[in-house]
Amino acid sequence: MSRCLSERTLVRLIAGNGRENQRAHLAACDRCDARYRAIGRDLDRVTDVLLHTEPPRRSPSLLPRYWVPVTAAAVAGIALLVWVEITVWRAVTPAPSEEVTAFLSDISATMFSARDALAAGDDSGPGALSDGGGAGGCSSDPLGILGCESDTANEQAR
Amino acid sequence: MEGGPSYDDLFDAHARRLQRLCRLLLSDREEAEEVVQEVFLKLHKAQDQGAAPTSWGAWLTRVAVNLCHDRRRAGWWPRWRFRTDRIEDVGLVAREPNPEEAAIGEETLRRIWTAFRRLSDRQREVFVLRHLEGWTTEEVATALGLRTGSVKSHLFRAVRELRAAAGRSFR
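As given, the protein sequences belong to chains A and B, one line each in that order. So for the first sequence, the numbering used here puts the first residue at 1; every next one is plus one. So for the second sequence, the numbering used here puts the first residue at 1001; every next one is plus one.
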């Protein structure tokens, strides 16, 4: 005797599918026939339930009714924010890198022009700077921003 | 009309059966009632036009199944909108279980109905026509416009799901 039929095959046979050799096995095998009949009885119970009982009551839950519009609204809100960020916000905000670059170039231009002016003043004599006021006699930092190299050197000597 | 059953005879013989069929396919009592009214309106017109099908019962079933199918495809919004709060779905009054319900048990009943509702529309139609109405596979295929292989495939899936829902407590 060939191997007994699987549960899946038995259901397939009930549904009208299945091969001839499987039907032949079912006709010959008492064990498979008993399992086949058991599935048939289960289905009879199912049809009894569907025909003769009322479907179970559903509770009037708010959740299933409102989750779709709430989710849709949330997705729409997020999409709107992304759109504002991509189109509107970037359009009105200048690119920060250009601004910074311009600022730095202004600063460096100012510093180098001041240094050149001081270098020219040094050529005219050692007392020229202190007479002009400058940044308190400091040659390396005429604007008083970075600190004076000569002052630092003097402090270290002390 | 001569020879054939009268409108009233057909109504008496099939109205309750069609009501149950439509309710199973639509899961909604009110919609099922509307569809059954529509079915009998079509019957009235068909008799006026002198139609004489081999079996009025099969004709009525086919019309009902097609109308239910059209209803489900008509629009998801109204069905979804009122799905959860039909007044008749709310258990306002405690109901005595009938003998079948008492024998099977509430949990099993709930599982079977849940599995049935989870079937696809096609699976539900095929199962109802094949197992509840007792049609042959070929009749189901003709009525639904499917190939017999397709009917068997839908039926296999439906049987597998329903048996899984029922089998746990039956075996």
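Careful: at least some of the hints might be erroneous.
[Claimed, not checked] Computed beta-carbon distance windows for the label pairs:
1) B/D1048 - A/N21: 24 to 30 Å
2) B/R1118 - A/A72: 23 to 29 Å
3) A/G77 - B/D1121: 49 to 55 Å
4) A/S6 - B/R1073: 35 to 41 Å
[What the hints assert, rightly or not] Counterexamples of contact, computed for chain B against chain A with all Cβ distances above 12 Å:
5) P1005
6) L1010
7) F1011
8) E1033
9) H1044
10) K1045
11) P1053
12) S1055
13) L1067
14) H1069
15) R1071
16) R1072
17) T1114
18) T1148
19) A1164
These are calculated hints, taken from the structure and not from any lab test. The structure presented is a predicted model; accordingly, all values stated were derived computationally and were not measured. Cβ atoms here follow ideal geometry from the backbone N, Cα and C, with glycine treated the same way.
Any hints this thing doesn't respect? Which numbers, in order? Those not satisfied are hints 1, 3, 17, 18, 19.
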